[in-house]
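Colleague: Quick note, the sequences are listed as chains A and B, same order. Start counting the first sequence at 1; every next residue gets the next number (full-length UniProt numbering). Start counting the second sequence at 1; every next residue gets the next number (full-length UniProt numbering).
Hints are not guaranteed to be accurate.
Because identical chains cannot be distinguished in the list, a pair is counted as satisfied if it fits within a single copy or across any two copies.
To be verified - Simulated crosslink set (DSS-like; lysine-lysine; CA at most 30 Å straight-line):
1. LYS326 x LYS64
2. LYS333 x LYS64
3. LYS2 x LYS333
4. LYS321 x LYS2
5. LYS2 x LYS64
Since the hints were derived computationally from the structure, they do not count as laboratory data.
Protein chains: 2
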Amino acid sequence: MKTLTVELGERSYPIHIGPDLLSRPELLTPYIPGQQVLIVSNETVAPLYMQRVETALSAFQVSKLILPDGERYKTLDSALQIYDALLAQRMDRQTTLIALGGGVIGDLTGFAAATYQRGVHFIQIPTTLLAQVDSSVGGKTGVNHPLGKNMIGAFHQPRCVLADTDTLLSLPERELKAGIAEVIKYGLIRDRAFFQWLQNNIEALLERNPEALAYAIEQSCRNKAEVVAADEREANQRALLNLGHTFGHAIETETGYTSWLHGEAVATGMAMAAHMSHELGWLDEAEQRATEALLAAAELPLTPPPMTPERFLELMAVDKKALGGKLRLVLLKAIGNAVLSADFEPAALNRTLNHYSRTASA
Amino acid sequence: MKTLTVELGERSYPIHIGPDLLSRPELLTPYIPGQQVLIVSNETVAPLYMQRVETALSAFQVSKLILPDGERYKTLDSALQIYDALLAQRMDRQTTLIALGGGVIGDLTGFAAATYQRGVHFIQIPTTLLAQVDSSVGGKTGVNHPLGKNMIGAFHQPRCVLADTDTLLSLPERELKAGIAEVIKYGLIRDRAFFQWLQNNIEALLERNPEALAYAIEQSCRNKAEVVAADEREANQRALLNLGHTFGHAIETETGYTSWLHGEAVATGMAMAAHMSHELGWLDEAEQRATEALLAAAELPLTPPPMTPERFLELMAVDKKALGGKLRLVLLKAIGNAVLSADFEPAALNRTLNHYSRTASA
């Protein structure tokens, strides 16, 4: 097992990464101050892992809530179901909420933990690669609104994150690849050496080689923890973690959070950001191609669904990074060097949107 | 105009108290970082004061949302209406939300500000005495759940509070008295001299003497600001501000947040807490009588609606101060000296509940 720490003063917390962590109560119990625990999971994950977590927590008074699976349930309505469960059991301010599942369960449960009785304790047990390398770390919680993704939320750090790599063995192929998209993101925005490691090890990751997966998770979490420690509330640097996300959110909103996985939309978004960065003359052609090649090697989609440039712009305008009506995008100066900028030639964005609306997958 | 400061380091903010503040843009503009402002108000307050606030903010891009008036609209559903308004206008992360109204509008708008895009700027313009002396100061935001009051919420400090004493001239009689209940609370929990001043000046407050009102608001806000600065997240001392609230919330929940005003329920709750404190031998009889006498002089209700002791206990059990299933109550050792305790003789609580269930107002 490897342990990293997210350094946030009094609110610092560990990320444990390794096999068979779900059966180790000593990793969880130091972070549960009261007696009451509510584990929130979904219909896919609960049958696989709920029993093991419950057994590990047999010293506590454990309740469970099992929600349907899917991004379309990441709503205020699902949060209300969590509040209902907490209140029906009269759970108090010392309650600990545990998210057992992927990014949707983590973001939603974290939001309920942030807002139940003005904030209760929270533990993340991410069971997808995407959640292990990204959403479970850093304290961003939230739900979607019909007009935009993650528009309702709060910052609320977990007290501990348990990334059990064994849970990835049961992960559907498509979700594994979607998680790899976020792994590639860290290489692109701030870690050129890791990008090169990924170029050499992408096959091993797709084959779920345990050592390769553990290394990729560790490097991803280390990068994320460094960024979060430096800029918890996204005044600045943290926004770079959203490479590909503004394009990607537009795709997800357009398709109603159903047909595209988040990581798939981010992959296409990163390809679009790389294209635009090249159009601006910021990213050279070889690096744009290397970016596309790595995404393609990970068997990720590189083209958006049929959408006009106008529709893209409309959906991108509600992005949280927009300021004073001006769109800000994360773009690449080089592999391993991303910037957040509103100061780009708009024609480059139009050329990219036109290019992709012509090549759109049907 | 008097100005107090809530000392919270980087998040410190001023409370301005005095007449005719609504027309002074210079009190607001330093706290509005972007261009976009959403003023949230209700159908009662908006016709009286919205125009003046809009005029003061003519330099900004101002939107308005006017909700129905009443505690029963302090729900997640109303918060959703605020999110809808923000997103329909594509308001960004630099947006400032202004609450123009009483405690319901303040708590609800504050919650929306805490959770829109993980937190935007927030200004309180309280227009009731209760909101000016209590709910607008200290950063507690939230909405009610059918199973309990303020069960969903967050801590989110405003950037400034503007208590314009002129707005109290239009306040209905009952709401003025309900506000005085919270004013009396500060005397009871931590300020014996202020309690004595109130004994001598209660008539002047009921007659809305401007100097008396301004003094009462200032002393109340000073007391509240000191408590919040010492214990922002209610680890300890801040819970004392809830004197009378556990009994009071049970009354409000039982009556569906309709027939009783919050301050009225708190007044009855404080009488009940004083009774129980006397039953425990903590508060002497003369002080219990002085407490009841001051509440009666303020023409506040001293007896709950018909409720059995069992019903009271059931509703009190969901209180946020409960810990590990054990009820904690704010009780009085003396006027000006409150304590939070779970360590009381349960028989005293039963005697108080029995006493009040016999004397209940029909």
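Colleague: Work down the list of hints and note, for each, if the structure agrees.
Modeller: So, going through the hints one by one against the coordinates:
With identical chains, the CA atoms of LYS326 and LYS64 are at most 30 Å apart between copies only, with a shortest distance of 22 Å across copies and 44 Å within one. In this assembly of identical chains, LYS333 and LYS64 lie within 30 Å of each other by CA distance neither inside one copy nor across copies; the values are 47 Å within and 42 Å between. Taking the closest pair of Cα atoms, LYS2 and LYS333 never come within 30 Å of each other, the shortest separation being 32 Å inside a single copy and 53 Å across copies. Taking the closest pair of Cα atoms, LYS321 and LYS2 never come within 30 Å of each other, the shortest separation being 34 Å inside a single copy and 38 Å across copies.
With identical chains, the CA atoms of LYS2 and LYS64 are at most 30 Å apart within one copy only, with a shortest distance of 29 Å there and 52 Å across copies.
Against the hints set out earlier in the document, violations occur for numbers 2, 3, 4.
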